[in-house]
Every structure is written in structure tokens, then in C-alpha cells.
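Protein chains in written order, with our numbering: chain C, 53 to 332; chain F, 167 to 708; chain P, 130 to 466.
Since the hints were made in silico from the structure, they are not lab data. These numbers come from a predicted model, not from an experiment. Heads up, some of the hints might be wrong.
One side only, chain F facing chain C, incomplete, derived with CB under 10 Å [what the hints assert, rightly or not]:
| no. | residue |
| --- | --- |
| 1 | 519 |
| 2 | 535 |
| 3 | 544 |
| 4 | 547 |
| 5 | 593 |
Even glycine gets a Cβ: it sits at the ideal position worked out from N, Cα and C.
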Amino acid sequence: MTASLSKRNPASSSNILEVENVTKIFGGLTAVNDVTMNIPDRSIISVIGPNGAGKTTFFNMITGIYTPTKGTIRLAGREMVGLRPDQVVEAGIARTFQNIRLFSTMSSEENIMVGRHVRLKSSFLDAVLHTKKFHESESEAREAARVMLDFVGLSKWRNELATNLPYGDQRKLEIARALATTPKLVLLDEPAAGMNPRETEDLKALIRRIRDDLGVTVCLIEHDMRLVMTLSEYITVLDYGSKISEGLPHQVRNDPRVMEAYLGRGAAAGEYGKEATPNA
Amino acid sequence: MTAINPTQPNRAKPAPDRTILLILFFVVTSALLLSSHNQAVLNGSLGGLLRNPIFEALVVSLFLANVLFAYLWRAAPWARALVGIGSLLLVLPMAGREDTSLLDLSIQIMIFSALALGLNIVVGLAGLLDLGYVAFFAVGAYTWGIFASPRLSSILKYYGENPGATNAATLAIGLFLLVVTAASMIYMRRMSDKTAPTRLSSWAFGLASFGLLAGIILTVRAIAVLGASNAAGLATGIDSNFFWLFLALSIMAAAIVGVLIGLPVLKLKGDYLAIITLGLGEVIRVLANNLDLYTAGSQGITPIKSAAVPWFNSLAGFLGFSEDQYYLLFLYVLVLVVVGVILLVNVRLDRSRIGRAWIAIRDDEVAAQAMGVPLVQTKLIAFATGASFAGVMGMIFAAKQTFISPESFNLFQSIGVLSMVILGGMGSFPGVILGATVVTLLNLRILPGLGEATANIPWIPQQVNPGQLQRLVFGVILVTIMLLRPEGLLPNKRRVLELHHDENQEDDSAEGNAGALGTGTGDVYSPGKAPTKENDRSGGAK
Amino acid sequence: MDLATLLPFLVNVIVGGLVLGFVYAIIALGYTMVYGVLQLINFAHSEVFVTGAVVGFEVFRILAPNPMNGYLKLLIALVSAMLISGGLNVLIERLAYRPLRNAPKLVPLITAIGVSLILQDVLRVIEGFQGRFDLTYTLPDAFGVKFCAAESSCVGVGNFLRTIGVDLQVKDVILIVVALLSLTVLNYVVNRTRLGKAIRAVAQDRVTAGLMGIDSNLMISATFLIGGALGGISGVLYGMKVGTLNAYSGFEPGLVAFTAAVLGGIGSIPGAVLGGLLIGVIQKLVSVMSVLGDLVGSKNLATIDDSYSKMGAFVVLVLILIFKPTGLLGKSNTEKV
């Protein structure tokens, strides 16, 4: 992986995602200001920053939930700005949510099958007439769900309602659901929030396997600095909507601007806790 | 899917086998139904009681409980099939032979069952509250009503007398416009799936839709003018053999209207969608009231033909039905088949990629879209599917009533169908059929029965006639079910979870329910394509 | 096309539309305030408003033989309508909406529809037991006369209106005055009092307002009380304006007023007023389209009859929701209530 990291040329063709000069303005408020960022293919990178730095807004723009006020976003060279969220998924970007958003009335398996939606080709008529295509696509979806449940280690919960799963497993299920869309890039929004240290270790291994076994690039927003520093190959720091620093973990760690952003405002201590509200 | 299979409520703990009870119940209620509708008995000393609509409603609901129990109870498969099929295909028609009004009642029940099943897709599965649903019923009814009645010749006559500048060239131009714009619109839709739509392409699409409209108007007008000479030959409408073709056409017409109404409004959030569909439903009714040439306005269209099915008539004659019962019996069988098909389609869709997408949208719209479910398209399919069921039933309704007027399609009917869905249980197929049965019996038998019973009581003035308390009944159903048992009488298991979700999970945040029906309090404020408010401070609205 | 006849005609249409619009504005406030605090379309508001109209009818009917001043009767009618409609609205919230506060959004909405239907028939039965269905207002004679009939009796604004040919009845003027007064009072209550501040706080964020020590349930009740009282006032005014109504009459003006609230930007008080006035004028314009068609000699216009004026409001609603769902004065982060 170090090979791809050494290429930090923005125009490099090995970048899976290229974000250029993206700005998002809500009313009079600039939530994200002129951010440029490239994600090398098959890498694990992190976006960090204090609360309210614009990280989630940034994710929302990449996934098409918000349209950037300015700037371009390209996935493997293809323009993403203007596509609907579902089209972005089809193009190959999947995500999880900061506040878990599983489909509450569905089983784990069905949740993942919904994730498979874009890759299935059976139509309305196929479903009504129970054609061969319908059966094929249903078994494909089921198989995908089985594989993904195995991958994240939730096979035992297959038929359990998503909302009945333990908190950490719900996060994993969200990841599995995102992976079921066969993405090129998966965006994880605070995947470790509310997890205990053991679960976080599991998660770290899982994220590595997503990249190593599935070949999917991972980009995460995370407040757990230990996780970020040990896992990420590259880190971008946002504060007040602007990129204030980027680089390898040790570079970022020692960047005075980053220290200021976190500690200067005395906010660092409050960063945790907030999301740590397990749905027990 | 197998774990929460809503159609096997007894899976968890096997209930005792009730084959004998079921058969016994079937025999008793069948005997009751048959004897209470027997002409000889009706003319006897018990006739007064038996003719009482409330008593009849009781007997009919007891009898129909057979079908419910055959579905719910654990019993031998042969017994369940026997009771189900026997009730609907044997006993009920036999009783109907003696008392035609029973056939009529059964047809009404099934028409409303189909409507409720259609609305259930929209409200129960996809979570979109449609208060103008009956508009699609109207579309189906008018599609057949206009063509299979003297209206057609009136329209042709009018165009014959006012041809304007229309000639064969108009037809050619109209068809050309139709084909070109339709093709380019389809092309544009395909393109927009691949690339992002721009302002220009949206405008082009809008312009093309106007072209399409113009094409349709020109073509229809040209056909009407050119066909005007046939007005005399079509004095009673088109040949009744076209019934089968129109069965398909009414499905298509309603589905198209569903898409046309749905396209602009389905981006809106829940409550706005409710009120806008309510408004559009009224618009369609007002149009039906005002387009006098096509719909005869408030006078209504009559007489409307039914299908001509000679072989069926001879079969019915062979079975001892009288001639004036043939068409009702035919419609009874037809409606039974159509409801069966609709039920099958419902069940199959529910357990497919599309059904999952609907439920995903209902559970959490934002998450569904972020997982790749195209919102507008998926909602449109729900809308159009629901609409098409209403369309086909509208046509059958027109054929059965032989008379339709805009008043058959007011807002009140939409709310009636909604109360059927709510009563039975949103998302539950057997539930909504049960709801339709109960509400229809209330409406057509029990309330009029109460009205009759109180007609001669001096302290109840005409203005208080309980026969007209439908609003109260619907209102009480909606409120009590929502307050006490929001999952309905025969719940779908998913729904139970959703509606009682808050009780299991201490949820104090204002946005805590965001998942439930797609809209949290945080993002309802702008009803447009409101983005979700994440906890990102700078991204939020504050 | 004669400008000399067209101009006074148009002026009258606009003035007539504004009179109607004031009624819609007051009804719309009831919708918008409730929406502001609960994000719920209170379908039952149209019946709360009809209840006001029925109360007004009863007061005028009972007091008809009484020789007291007509304006005193009006005052009694308005106050009793405010109390009864306001109380009813609070009761509805307490019994039907509060238990569903945390339910999925469709649930209270469907309940609201149900409450609306129940109230329609309850009102019908109450009046029906007295052998009535259509209720015709018996207004004091003084209300029905033309405003500023003689030049001598007019001063200032009245005189100006008379010279430009505006045709108003005394009851129309009463209607405008009452509406303006209610708006002024409402504006004071919402923006200048502690109660108003608390309501606005609850509207913005119920949870945080609760943390700040505001009893949000009480404030929601207060909002329903104010909204219901406004509904009562508008009911009496509407009854005076249209003359005859029945228990089922609420649906249409209710929907029009809701359209007005959305047009102005739901949740915004000035928006509701602006929307109400606009819708009133639009509806009046559509309803006189056939007369206008005759005046300007257009055959197509002349075929648009009154029944389209309902449709006018629906079409406006559809267009706003599609193109500018936040309404004219609403912003997605605007101050609610």
C-alpha cells in the first residue's frame, strides 16, 4: 500500500476519488470551503476534525445527498456532481451513517438485500410473473447477503430484526449493507462511535479486510484518534469547513494547526461521549 | 424473508388443529346464509327479521368469517381449501341465486377489497399517504363509461358538427408528434440515468411533455372528427366485446394518470403528499363535473354496458340462475378472479426487490436512497400499481352500476378506502380485505339498517338519521385504530414493530423517529427535497 | 373593452378578494401555528372553525329577538366562538394528538383526518336534533346595508372608497376590522409576551425548550388554544360573509386556507396573512372570470365558471409545493410560529 501512498500527485490516475475545490454554502453559512482531496485507489484514509468542521457535509456531497455549491467530484474519472444519491451508489460509492439508519422493520438479511438493490436486474414484471430472472436475482441477493453477513461476522443474526442487534453489530450490519452494493469506495461515518475498545479492535480488523480482501477503498470520519492513527494511511483535517492539514498520520499528529483546532478550543475532551449513546 | 413471514402468524407456537371446528363452522354458517336468503323462508313468518339489513350483515359477516378462519386457523389443507373455495364459489352464489342483492353486496365488498389492496401498496408498503386514491377509480370507470354508453355517439356527433380545421393531416401530425415526443422522452429518461440532468435537459423534458400532450389531443380529436360518421352506429356505445380490451386499457389509463400525478408530487414529504393528493383527487372530480361533453357533468353517464359472455350465460342458466342475474353473476366471478390476481400480484411484489425497496423507503427514505433505491421511480411504481388496481375496479364498477357520476368519486370515498386499510392493518393483505369487508358491510347494511330502524322514532329528526353517519363511522375507525391499535385488526408483523418501536426504545431526541416513516421533525420544514440534517453542526439548519 | 367599466370592476374584485382573504388568513393562522409547534397538518382545524361558525349562528339566532345593539351581539358571538373553538382545539390535542406525539408521522395525520370526520357528524347531529341542516345567519339589519351608502355619512377612507366605486357592505368592513384587530393582538402575544416567547422556543426545538424549563405540553396546549380561538373568530366571520353553511362546510375553506398557509410559508405568521390575502384575490378573480370574459369579449374566459375557483386554489397549492415548497415568506431555517 505504501506504493500508492507515495503517489500524492492530485492528477494521478490511480486516484479512485478526486474532489476539487468543493464548496457548500447553506444560506449565508459556508459549511465546506474550497476543499480539494484525492483518495488513492485501495487505500484507507480518514477525514478528521472537531465537531461542526463540515465532515458529514463533505460526505453528503460525495454521496449526492447535497449538491456542492462549487467544485467537482470524480469517481474514477466520472463526474458525480448532480447525480442522485442512488445513481452515486450505482456508480460505486456506498456509505454508512453517523446515527445508525438501518431499516428497522427488516431482518439483517433483508437489510443487506436492499443494499443489493442496484445490482439486481429483475423488473416489476419479473416479480409479478415469477420469471427465471426473478428467481435468479432473488437467489443472488440472498447469496450476497449470506456472503456479507459472513464477512462481517453476523451470520448468527441473519433472521434477526436489525434493531434487535447489539449496538456494535448494528454498525457492522450497516457496513455490510453498504458493501453489498459492490462499491469501489465506501465512506464510513464514525464507525467506531459508541463502541468499546474490543469492538473497536474488531472494527479495525474489519476495515483492513474490506480493503485487503474486497479491494474496496475506505474513507472514514472518526473521532477515535487511536483508531485513526493506526489505521489510516493518509489523513485530511477539516476545521470550520476548510482543509487545514493533510498528510501521513505522524505528520498530521504533529501539525500545530491541528493541535490548535482540537486543543486550542478546548474541545478535544468533549469530542467523545457525545455519540456514545448506545441504543441499549 | 422467512423469519418474518407475515402470512404465517401461527408459526411461533403451533395452534391446535381446528379442522373439525372449521368444517363445522362452515356448515353452520352456510346453512344460515342459505336459509336466510331463501325466498320461501323470506316470505315466511321470519321474513321481517331476515330482511333486516343489520341481521343480514351479521349473517354475511359470520359466513365470510369462514374464509378468514380458513386462512388463519391451523387445519388440514384440504379443509382450508374446501372452506375457502366452497364459500366463495359455491355457497355464496347459491344464496345469491335466491337473493340477487346478496350478489350485489358481495361484488361491492370485493371491489372495495381490491381498492383497499391497491391503496395498501401505496400507504401500507411504500408509506405514502394518498388521499386522492379514488381519482384512479374514476379514471377506470370513465374509461369504460364514456366508450360503452351513448356518450360516445354524443361526442362523435359534436365533433362531426364542429370539425374545425381537423382532417386526415391532423391525424398524421398528431401521431407524428406522439411518437416523436414519446420516443425522445424515453430517450431522455434513459440518458438521465447515466448522466446528471442539467437545467437544459429538464426544460427539454418539460417541453417534450407538452408536445406529447399536444400530440394526444390532436390524435384524439382527429380520430373523433374522422369517426364522426359512425355516430349513428354507436348509439349505445362500442360493442360489448371490447370489454376485455378495455380491461387492459383501464389498467393502463389509471397507471398513466398515476404516473402523471405522481411525477410532480412524489418528491414531497409525507404530510404534504397527503394534502396534495387530496387536492388533485378533487381536481379530477371537478374536471369530471365540468367536462360536460365527455362526462355529461353531474348528470352522469348511463346506461353503461357490461361484457357479453354467451357461454357464461348459458352456464348460469344451466345452474338455475334467472336471466336478469346473469350479468351480476358474471361480474361476481370476474371480480373474484380479479381480486385473486391482485392479491397474488401484491404478495409477489411484496417479496421481491421492489417490495423491499418500498419497505425500505417507508422505514427510512434517506437511508434507502443512500443504499441505491431510486426514490421517485420506486414511489412511482407503487403509485402506478395502486392506481392500476383502482382503474380496473373502476371499470368493473361502471359496468355493474351501469351509471356513474362524479359524486361516486368524491374525497369521502378515498377516506373510506383509507379507513379500510387502517382498520385491517397497513401492509397486511388479509387485514385490508377484512377491513374492506367490515367497512362495506357497515356502510351498505348496518348504517341503512339503523336508519330504517330509527326512521319512525319521533325524537330523532330526519337530519340526525343514523343511516347517514358514515363520516362518524370512518372517523371513529381512523381515530380509535390509530390511538389504540395502530397496526390494525390483522396486523402485518413488520408494522407492529414499526409502530411500537418507540415503546421499546427510549427515544427522546426530536429526530429519533426519523426512521419510522421517512421524515424526522428536523427536516420536514421544507417539504421539498429536504436533505437530512446530520448532526454536523455547520451542515445543519441552525 | 371599456376601461371605464373594467377598472371599477377589477377594483371591486380585488377588494372583494381581500375581504375573503382576511377570513382565509385567520383560518390559515390556525393551521400554521399548529404546524409550527407539532409539524402536523391539523385536519380538524376546518371543523374547529366550523364550530365557531355554528356558535356564531346560534348566538345570532338566540339574540335575534333581543333589541340590543348589533355590535354587542357580534362581540358576544365572537367571544363565545373563541372560547368554544379554542377549548375544543385544546381538547382535540389532549385526547387525540398528545398520545401520538412520538408515533410515526402518518399516525397523527390520519388521526387528524378522523377527528375532522367525527366532528363533522357531531356538529350535524347537534344541529340536526333541532331539525336544522343548513344554517342561515340572522344578522342584525345594520350589517347588511351598503357601507357609505350616502355621501354625507362618509368621511376619509370610506369616502375615498366610494369615489373609486368600491361596493362594500357594513359586514365586510366589520370583517376587515375584526381581522386586523385579531392579527394585531396575535402579533403582540407572539412577539411581545413571555408566553409568545415560550411558544416560539417550543416551536424551534421542543427538547431544548424543555431543558430550559419550559413546559412544552403547556405551550402546545396554549398554541392550540390560540389557534382554536382564531378558528372561532374566522368561523363567525366566514358565517357572516357567506350567510349560509352547514356542518360539512369546513372542508373547502379549510383546504383553501391551508393552501394560503403553504403559499405564505407554513410556520410563518406574516406568511399566512399574505397567503390568505393572495388566495382570496386569486379565487375571486377565477370566480368572476366568466363576467370578465363577457366584459372583455373573450369567449374562452367566459366558459370558466365558479366551480373552477375551488380548483384554482388546488392548482396554486400544487404549483407552490412543486416549485417553491418553502412558500413566499418561509425559509427552511426561518423562525417558526
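Each hint, compared with the structure:
This hint holds: residue 519/F has a C-beta 5 Å from the nearest C-beta of chain C, less than the 10 Å allowed. Taking 10 Å as the C-beta contact cut-off toward chain C, the hint placing residue 535/F at the interface holds, the least distance being around 4 Å. Here the hint on residue 544/F is kept, as its CB sits about 9 Å from the closest CB of chain C, short of 10 Å. Annotation: interface hint on residue 547/F holds; nearest CB of chain C at approximately 6 Å, less than 10 Å.
The restraint placing residue 593/F at the interface with chain C holds, with a minimum CB-CB distance near 9 Å, inside the 10 Å limit.
No hint from the list above goes unmet by this structure.
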